[in-house]
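Chain order of the listed sequences is A and B. The numbering of the first sequence is our numbering, which starts it at 1 and goes up by one. The numbering of the second sequence is our numbering, which starts it at 1 and goes up by one.
Read the hints as simulated data drawn from the structure, not as lab findings. Some hints here could point you the wrong way.
Some chain A residues near chain B, calculated using beta-carbon distances under 10 Å [what the hints assert, rightly or not]:
(1) Ile56
(2) Thr193
(3) Leu197
(4) Asp201
Listed next, the stretches of chain B that the computed footprint assigns to chain A, with coverage defined by at least 3 CB atoms under 8 Å from CB atoms of chain A [to be verified]:
(5) 104 to 112
(6) 157 to 165
Just so you know, even glycine gets a beta-carbon here, dropped at the ideal spot from N, CA and C.
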Amino acid sequence: MHTPLVPILLGLLPPCAWASQLPPSGPEPTDVGVPSDGLDDALDLTDLSLEELMSIDVEVTSVSRKAEALEETAAAVYVITAEDIRRSGATSIPEALRLAPGLHVARLSTGDYAISARGFAGEFANKMLVLIDGRSVYSSLFSGVFWPQQDLALQDIARIEVIRGPGGTMWGANAVNGVINIITKPARDLDGTTVRLLAGDEQKLVQTLRGGGPLGESGHLRAYAKTTVRGGLAPPPTGIEGDASSTRGGFRTDWDLGDGAELTVQGDGYREDHTRSIEVFEPSAPFQSQQASQRRYTGGNLLGRWSRTAENGTTTTLQSYFDHTEIDSEVFSEKRDNFDLDFQRRFAWGDAHDLIFGLGFRHTQSKAMGSDSLDFSPAKRSDELYSAFIQDEHQVTDNLRLIYGTKVEHNAFSGLEIQPNVRFSLSSGEHTTLWGSISRAVRTPSQIEQDISFIQGFLPDTPPGFTTLLELTGNDDFESEVLVAYELGLRTRPTEATSLDIALFLHSYDNLSTTEFGTATPIGGGLIDQTLFFDNLMDGFTYGGEVVGQVSLSENWTLQGSYSLLLFDLSVDPASTDVDPKAIADEAPRNQFQLRSSHDLTPATELDWALWYVDNLGQQIDSYVRGDVRWGWNPTRETQLSVGVQGLFHDGEEEFAPGAFGSYYGSQSLFYIRLDLGF
Amino acid sequence: MHGAPHEFTLADDPPRAKEYTLKAAFLFNFLKYTTWPKGTFERPDDPILLAIVGRDPFGSLLEHVLSKKKVGAHPIRILRFKSVEEVKQAHAIFLGELSAKERASLYARLAGKPVLIIGDERGLASKDGAVASFFLKDGKVRFEVSTEAIRRAGLAISSQLLKLADIVEKRR
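Can you make the complete structure from the sequences, with help from the hints?
Quick look at the structure:
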């Protein structure tokens, strides 16, 4: 839907999406071990004799550790571990996401990113669902994620699961092209105080203070405070420098309630200020110009999760959160409150079935305020989302597992949505798994598509003697975009030190978004109001695959390589008047490569580097190579010094084609130094 | 993916999972095959105190696995001490991540006391060090035992365990 005439979508907002439902993922270390068995069985080997214990293999290399956890998963999933993040030198969640194979991560400004798997990235990328500890951060204003809002003390992140392909059955709407599931460590993992100071060309100063310890007899508490001051990317031709500063803090408490029950209460609060260049339009010459725009994000959230695993392995989880967000800028402002309640139960049914079902409810209240160029109607909304899902994992034989289930949900924008999936995983031998899936997922409409009126530009002297005003208007008939995905994957670990993960996909989309011409009405003053509206006049396919290989060259040195291929085949309804509906295909790199090395030079020194190749984006963005390098010195367990450069070889060039707000900021080689202290 | 609330969520901290799952089972066996001097326990159902000193690589695993178990009539109670200075009464001690200096200081404090000290790397078991210590060989968990350390601590360890151990004193 990005057309040259219609730079579209704004940057903004709205809702729709409701999305996600989230199966709370409990980062409990009780899951340690062999994930595919009952918890107790997996962890308790005390019934084995000493002789038996001595005959069991231990997973030692990081390759096999990672591979083991993933081995039987019937989906294309990659896990970014805490260690990966630490060694990458990433200072924000989007930067850490560059580590995930098959994900297209393009930086747009100091805080804005275009992130998606299998295409459809953009400032308003709307087909990736993002969760932080079970809380959906997918905006209901526009279908997508405001990345500047999303940050944490990165050391608190246990792992980031990046799922390519649909996850609608478990997670609900908008988990279309993938899911990014960010999971933090349990509070008990932090005992003491840590300080992180980071300074550099771009991250002028990042300070993170964390502390944790026992809370009463059976609880743990951890808390953090973080401030950042950032800037330093190459500005667009307008020369308007971008920068950002933020202050945030949060906490997490975990309580062992006994009898298999646990309670987690956690929350965050933040304020983030951004400056960037945006394009503005006016009805007289020069018709458009760039100006500096300030955007402020403030918000806070509080989440509680109770879960209990009974003796028989039945797990019951009840989770609720409240999330308040505010965005304030010249173009639009928004206040939003989300209240979410989720219930889930997982239990064995007979010997071979593992059933899980869940119920969800979300209430959202929002108030949007526009400006001269943007209007919301209605400005205030109060919407409900109801959902239910059920899924069965059927262990058909020792080697074959079938997984099938569906989600049913009702949202305010598109009504009832059904998102079923069926998957299988077939393991042959000890370390090889073949999996496949057919799944349906929907991307539900948003406020942007149904509620807005947004001035997209002025065309001087069109037709001669008039100026045409392009006004994007909401379309209540805009429907969900629908995906049916066919996937096939193979995971194998031929030796203790090597692993290979291959996923192939065919995504079949219906009702893809297009931007159509509406009515043209003279409104006086030599102006003609040409309306545009969203419609669903495109179908098509994407297909391709991702390959990830890892090898441990020695105990101290691991290499990882990945390649992803993405091809588009879109067809537009002849009735469509969209000027360039297929532009979306040009906004995804056809080929991406990544090579990453983690090397312990000595027990106390680390050398890490990574290289990326990202294909051209149509005619507008050339292919590029980007490099990161980091040297780390850990004189004691709790003291670490890192120096590094990010964005090598890719100086001054943008990573994404101009969007609704004009040109984006260019990448730079950015030096940093980071000091970690623990007390 | 069982054990986790939904399909795609993976086991937490996959890194050491299985290694320490195994080691937890070994620890249980060590307690089972060790006899403490008479009078160590006042009553047959007094708990065996197993302390982890330094950073605990097991996470909450020991609670899950051992706290339900009994050795004879003795339940097992898990204690944790962040530093050597904090160490109080214990019947068995697992050495978490500690510096050589911290270990030496711990050995000195416990010299002559009937405490089963278990290390987590090769070379820690010795006549004036740990009684036993894990190591990995060919991808499997192995353990070394110092018979001299057993004697000095006044413990008795069953031959069923010793026959599987790498006995430090037999190395040449």
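| said: So, as I understand it, the hint says A/Leu197 touches chain B; can you test that by seeing if any CB pair is closer than 10 Å? | reply: At 23 Å from the nearest chain B Cβ, A/Leu197 fails the 10 Å test, so the hint is violated.
| Do at least three Cβ atoms from the region 104 to 112 of chain B come closer than 8 Å to Cβ atoms of chain A? | Since three or more residues must qualify, the claim that chain A covers the region 104 to 112 of chain B is violated, with 0 doing so at under 8 Å.
| request: Classify the hint on A/Asp201 as holds or violated, based on whether any CB of chain B lies nearer than 10 Å to its CB. | output: violated, 33 Å
| message | Using a Cβ cutoff of 8 Å, are there at least 3 residues of the region 157 to 165 of chain B near chain A, or does the coverage claim fail? | response | holds (count 3)
| field | Restraint satisfaction for A/Thr193 [CB to CB of chain B, less than 10 Å] | value | With a closest approach of 13 Å, the A/Thr193 hint is violated.
| task | Return the status of the interface hint for A/Ile56: holds when the least beta-carbon distance to chain B is below 10 Å, violated otherwise. | result | holds, 6 Å
The structure shown violates the earlier hints numbered 2, 3, 4, 5.
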